[in-house]
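Participant: One line per chain: the protein sequences are A and B, in this order.
Be aware that the first sequence starts at 5, since it is given in my numbering, and climbs by one per residue.
Be aware that the second sequence starts at 1335, since it is given in my numbering, and climbs by one per residue.
Worth double-checking, as some hints may not be accurate.
Which residues of chain A face chain B? A partial, calculated answer using Cβ under 10 angstroms [claimed, not checked]:
| # | residue |
| --- | --- |
| 1 | Gly101 |
| 2 | Met320 |
| 3 | Ala321 |
| 4 | His325 |
| 5 | Ile402 |
Hints listed in this document are in silico derivations from the structure and should not be mistaken for laboratory results.
Glycine is no exception: its CB is placed at the ideal position from the N, C-alpha and C atoms.
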Amino acid sequence: MRFAATIRIALRALRRNKMRSALTTLGIIIGVGAVITMVGIGNGAKSQVEATVASLGRNVVLIFAGNFSSSGARSGWGGAGTMTVDDADAIGREVTGVIHVSPEVRDRQQVLANGLNWNTQILGEGADYLDIRDWPLSDGAMFTEQDVRSTAKSCIVGQTIVNELFPNEDPVGNVLRIRNIPFKILGVLSRKGLSVMGTDQDDVIVVPYTSAMKRISKRTNISSINLQTDPAASAPKVQADIGDLLRQRHRLGGRDDDFTIRGQEEIANAFTATTKTMTMLLAGVALVSLVVGGIGIMNIMLVSVTERTREIGIRMAVGAHGKDILLQFLAEAITLSSFGGLIGIALGFAVAKIISTSAGWPTLVPVVWVIASFLFSAAVGIAFGFYPAYKASRLDPIDALRYE
Amino acid sequence: MSAVIQLKDVHKTYHTGEVDVLAVRGVSLEIGKGEFVAVMGSSGSGKSTLMNIIGCLDRPTTGHYFLDDIDVSQLDRDALADIRNRKLGFVFQGFNLLSRTSALENVELPMLYTHNHRSHTEVNDRAMAALGVVSLADRAGHHPNQLSGGQQQRVAIARALVNEPAVLLADEPTGNLDTRTSIEVMGVFQKLNDAGMTIVMVTHELDIARYTRRNVVMRDGQVISDKPVEIRLTAPEELSKLQQAQQAVQLS
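The whole structure should be built from the sequences, with the hints applied where relevant.
Facilitator: Have a look at this one:
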């Protein structure tokens, strides 16, 4: 029997019971809808996380003083107080594959300028910091190695600082006061947006780490080290070398590490983990729904075969092979399920759009997923439509013709 | 006259539980090209079983059946389906048209299952021609529920004719029809037979059997009588008689 005729017969049979067909496809619609929603949201969230992780810079490794994962009492970010500038220098000197190193000192201070004041993050960094973070200046210049060595009273400021303290004038060349010490503004950072943690990365003042330690925080240890590795070098190897070096320098012996090394990958993974959980949950819902939808199709097809026993008998009497009947009912099941698949895809797009718009993510559904879920819904039709169709094809024409 | 249907000592036994039902017990029958045969008998006489065998819907338990010189008694399901499609045309008591499907599409149905594919136009043309034979070309687009019983049966006849079968089989074709429409339908059969079509019909109505040329009577699974029809009725005559009778009733 011709393909077009098979499809036409299937469509006519389904149109005959519009309500029933619609309700039967509901399971598939929900299942495919859930898949598309899941993929749309998951990918949107992932691209969002990737963008923020990329804002850290490229091939960045962070070393925090303190250990997040050791048992017992745990110190927070930069809490151990055992990391020094010498550690950073040693890493830069001795570990191969490290391009830039910037010791980091974090502090929060009330800052004054222009008769205004603002509480902000003070970052003490090396002259390489902006290279590591891949963070260009929008105006002015970065402080130099010379400034770092001379504990210069110079700084660069983020966009939020400009908005809060210099709303109407050019900050470059101006002076702001941190703990009453005047710092000259050399440059303004370009806008970076929210961090992975959701904090405002532009609400920052970057000063030479030497100045931060000696003039502002009056401390001798550093909070963390930012470094950038050579893209050609193996990141795990570099991280392991850094770990070995620090353990040796800190004479830890068998004790727990007093530092934590995080590569960019791990940071990204930590944040995609939540998305993954949600994705798995939706995938479960989708799978269950598709199976239930498939059973619904099987159920209705069985009813349909019984209802149309006489029709099957007529078709067989005029020369239909078992195969023709099988294909006819299979085509019906596939039409039903793939139609549900199409509606599900549209529905999934709509829901993903609504959710990601309210969450401020982009909606991304790769074409592969659209095709895959369409094919899967068709496959559900084949899998669950086969038994009823087979049953129809095995009917005896005499019995079928006599069926009332 | 060459035999289109040749049954040689055909038996059919049904195994239902412990009792074997001997539905057909040694029937030998030859039906030549162009014959018009009525198979008669009371219910349980085995005429329906014999008809199913002749119609290739069922296989004999023993014996041979040659249809158009092909031994069809041992063919498998699919081969039998092809024989039904190309060699046989069926007309049933209950018309057995597909509901909510136009008359034209009902007539096209057998061609849907014919292996050497015809173009859509050819299928359409042939179906229209077949409807023309039964004078229903103007009702091609109507659905069965928009047609009278007689018209539905004529659509069924057109469907049976569309693949130019060797034999037209009719199972109680007038069973669901009133006298007048029954005569009309028999008229269609007579016209087809006059044009050379071989027709085998099952009926238990004696007067309907008299429109055919040969009557085969069965009892207990065997042929007990097989003789030509002596006083043959013709549909046009009977129709005019019926009309006169009705007018007489109206006048009185």
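Participant: Verify the interface restraint on A:Met320: the C-beta must sit less than 10 angstroms from at least one C-beta of chain B.
Facilitator: This interface hint holds because 7 angstroms falls under the 10 angstroms limit.
Participant: Given a cut of 10 angstroms on the nearest C-beta pair, is the interface hint for A:Ile402 held or broken against chain B?
Facilitator: At about 5 angstroms, which falls below the 10 angstroms cut-off, the nearest Cβ of chain B leaves the hint on A:Ile402 intact, so it holds.
Participant: Identify whether the interface hint at A:His325 stands, where standing means a beta carbon of chain B within less than 10 angstroms of its own.
Facilitator: holds, 5 angstroms
Participant: Any CB of chain B closer than 10 angstroms to the CB of A:Ala321?
Facilitator: holds, 5 angstroms
Participant: Under the criterion of a CB-CB separation shorter than 10 angstroms, is A:Gly101 in contact with chain B as hinted?
Facilitator: Interface hint status for A:Gly101: violated (70 angstroms vs cutoff 10 angstroms).
In terms of the numbered hints stated before, the structure departs from hint 1 and from no other.
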